[in-house]
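Position chain Z against the provided structure of chain D, taking the given hints into account.
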Amino acid sequence: MSTQALLEPSDTAEVAAVKQRFSLKEWIFTTDHKRVAVLYMIGAFAAFFVAGLMAMLMRTELASLGPTVTADPSTYNTWLYFHGAAMILGYQIPALTGFFANYYVPLMIGAKDVAFPRVNALSVWLFWMGIILALLTFVIPDPPDIMWTGYPPYSILTGGNTAFYTFTVLLMGFSSIAGGVNFLTTIIYMRAPGVTWGKMNMFIWCTLAAFIIQIIFVPVLGSAVTMLTFDKYLGTSFFNPAAGGSPLIYENLFWFYSHPAVYVIFLPAIGLIYEIIATFARNRIFNYKKIVYYGVMGVVGLGGIVWAHHLYVAGIPNWMILIHVFMTLIISVPVGLLMIGLLGTLYKGSIHYATPMLYAAGFLFLFLIGGLTGIPNAMSSIYIHLTDTYWMPGHFHYVMAISMTTAIIGGTYYVFPKMTGRMYNETLGRIGFILFFVGVNITFMFTMIMGVKGMPRRYYDYQQFPEIEWMQQIATVGSYIIFLGALVVLISWLHGAFYGRKVGRNPWGSRSLEWTHAPSPPPPGNYGDGVKLPDDWNPYGYGK
Amino acid sequence: MFSAATLTGKEVDSAFWVITGICAVLFVLIIFFMLFFLYRYRRSRSPVPGDIEGNATLELSFLGISIVIVLAMFLWGWDGYRMIRGQAPEGSLEVKATGQMWLWTFEYGQGRQSNTLILPYGKPVSIRLFSNDVIHSLYVPAFRVKQDAVPGSEKDLWFTPDETGTFDLFCAEYCGTGHSAMITKAVVVGEADFNAWLAGKKEITPAGAAPAAAAKGEKTGAEKGRELFQSKGCSACHSTDGSKLIGPSFKGLFGKKETVVTAGKEREITVDEAYIIKSEHEPAADVVVGFQPLMPPSPMNDEEIKAVIEFMKTLK
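From first to last, the protein sequence lines are chains D and Z.
According to this note's numbering, the first sequence is numbered sequentially starting from 1.
According to this note's numbering, the second sequence is numbered sequentially starting from 1.
If we strip away everything but chain D, and leave its shape as in the complex, we get (with noise of 0.2 Å):
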């Protein structure tokens, strides 16, 4: 491999002075942001593990017409309440902004930890007991089936609890909102000297972004979810119609977070996404400030002005439909900007195909089917049509649930020899890779096929349907493929980790700070005595 000549032997030395007796308790109460970074790894992954079998068994109950996995309609509609509120909520939110912003964010500034560490610690804390509350859906007799939306009335005169659901987003929540603070702390004051605004890595730009949004919009949702609790179990009315409560405004309180959370699990993930290809392309970012102007801030500025396009055929007003389509269409174009950058990112770079480009390329295209199936969705006479079909299931997995998983896995994959000191098979990497690739196509196509045939969303049979029992068919056999793909990740991790070639600090020849300046694993306080920067540094300075 050409990157050999980048490798420290010194380090070796250094990481084997710091190894200890492995010791739960330290690991619990541990306030190293690499060891949370861990915990939330752990957890986040726990969560994708158990709302994937879910999906395994929705995917096989819809194989066939009528009853097969189950007879029970409400036994498939709590598998479906799990998947999506574990996949977002338990798994993408906390894998980009607890594993991905802990591991990264100290270390691409220059910083020995967090700002408030042992606030770190408090976040992860609530966010295990969330995932554990979330879990608890299996052992409760009458677990919630109000899907992750919870709308009103629905989880009010439901006899599932829909507690378990509430409190789940709560412990998230000010997990979310403590991990903001810091963040946002962290980025602003504990920059290394020479870390300036205009030299930031694009993911920190795109952490700074996200935990802005979840600062603002978190305090939303936890007030409506709430409200929710208040209305079921205290009696009171804020959305009970029966007591001259409206549904409505939960609907908008819901969104008005709901949809700003795709922007918190989209920035990290694409910010992810440009490290990997800086560094396998070993180009700067193409247009870096402007980028960051229109395209991260843009997005920014606009997400919280569109969440009505959730509720077109919800029952709001003309004029906020008016106002939402044309936001819609507009926040397309910093999108749009950031996927540019992307291709220009490529444009004359030098590309070596390892496993997380790989993943990175297979983003790129995800993403964009994603982005373009959005279009017709945000034409409302379009998406009246469209909207509660198996097309939105099909467009939002694609634009995402598999692209932000391309970038989740990818990003793990790319800083595995950092982590663990060691690299993965190269082989077991790209077989999953492929399997994973192939198997989302598959599903997700069909998805939205049924979707424009009229298909509608959580359904749990489709008597009415009887011609799309092949397509059905299909994307369970995609969906099987999937499964496969992940357990190939998971074994090339496993096995990376313990029996993997052992790697020097930089194995990608990256230029960015945590590649070059920090030992594989980094040490507890990751730079010793500091960093020390050169003028002309600049983490995507390949040209020198």
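Watch out, some of these pointers could steer you wrong.
As the list claims (entries may be wrong) - Some chain Z residues near chain D, calculated using beta-carbon distances under 7 Å:
no.: 1; residue: Ala-15
no.: 2; residue: Leu-38
no.: 3; residue: Ser-46
no.: 4; residue: Gly-54
no.: 5; residue: Glu-59
no.: 6; residue: Lys-146
no.: 7; residue: Trp-197
no.: 8; residue: Ala-199
no.: 9; residue: Gly-200
no.: 10; residue: Phe-254
no.: 11; residue: Phe-291
no.: 12; residue: Gln-292
no.: 13; residue: Pro-296
To be verified - Partial list, derived from the structure: chain D residues whose beta carbon lies under 8 Å from chain Z:
no.: 14; residue: Tyr-233
no.: 15; residue: Val-325
no.: 16; residue: Tyr-347
By construction, these hints were calculated from the structure, which means they are not laboratory data.
Ideal placement from N, C-alpha and C gives every residue a C-beta, glycine not left out.
What follows is chain Z alone, placed relative to chain D:
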């Protein structure tokens, strides 16, 4: 996309294809550059990176062009939306639609009521939409219309059927266990047939449905009961073959001894006519052990309930 059966639906389809066309062009364009860059600038062919800062002109022109494209889409798309969601034309047929777990009821003037949506061909229809319990959504894919029914408020939609036939009508907003069974039909017939139906002189059954006692002979109570069992939504929760759905199966139910919970206390009852009629009106009064109190009060009158009981008696 399968063909639309309303005037506005045809407009929606052409908009869909135009937008899909634009997206396809953009897709091909971007994917071409993407694949070209990914291939051309691989390390073996391009060992030294170009180290380009960027290109302000390119960036700003991209910004400008994309804003123009989305503005054009907005103006054009909003026009289509206004047509669909605007005021219904004067003289439209008014129908009141009510959703409840898990049944649709359509009320016409002159006291005519139906669980299938019967519509005249070629005449604008204005639907006032209500819900008795939770949020539902009225969706007829072939008409390209969808609107949530929100409890506590009135919503509306209108369209003009442009094809006769039978079309599926779904609930598109998640409404609990029976969501995927909250299905009925929309039947579009000629205006003469429709008027005869409205006056109560003619029955209209959806194509493909069991020809219910089409022969002129009197229907027996059990046959009527079977029809009601299907059309009033009972079948969403109660099976006829003994399998447990949301509610107890009707098979062998009549005359059976069941343990029920009345005001928090368990007691044993026999499922007889009195019990069933009471449960139809007050479903939460005596709930069979092992089931949730989910059943909504029945929209049927006592005579109809008795017909359903006759039907139950046949399920041994």
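For each hint, the structure was consulted:
no.	hint	verdict
1	Ala-15	holds, 6 Å
2	Leu-38	holds, 6 Å
3	Ser-46	holds, 5 Å
4	Gly-54	holds, 3 Å
5	Glu-59	holds, 5 Å
6	Lys-146	holds, 5 Å
7	Trp-197	violated, 23 Å
8	Ala-199	violated, 30 Å
9	Gly-200	violated, 29 Å
10	Phe-254	violated, 23 Å
11	Phe-291	violated, 10 Å
12	Gln-292	holds, 4 Å
13	Pro-296	violated, 10 Å
14	Tyr-233	violated, 17 Å
15	Val-325	holds, 6 Å
16	Tyr-347	holds, 6 Å
Of the numbered hints given earlier, the model fails hints 7, 8, 9, 10, 11, 13 and 14; all others are met.
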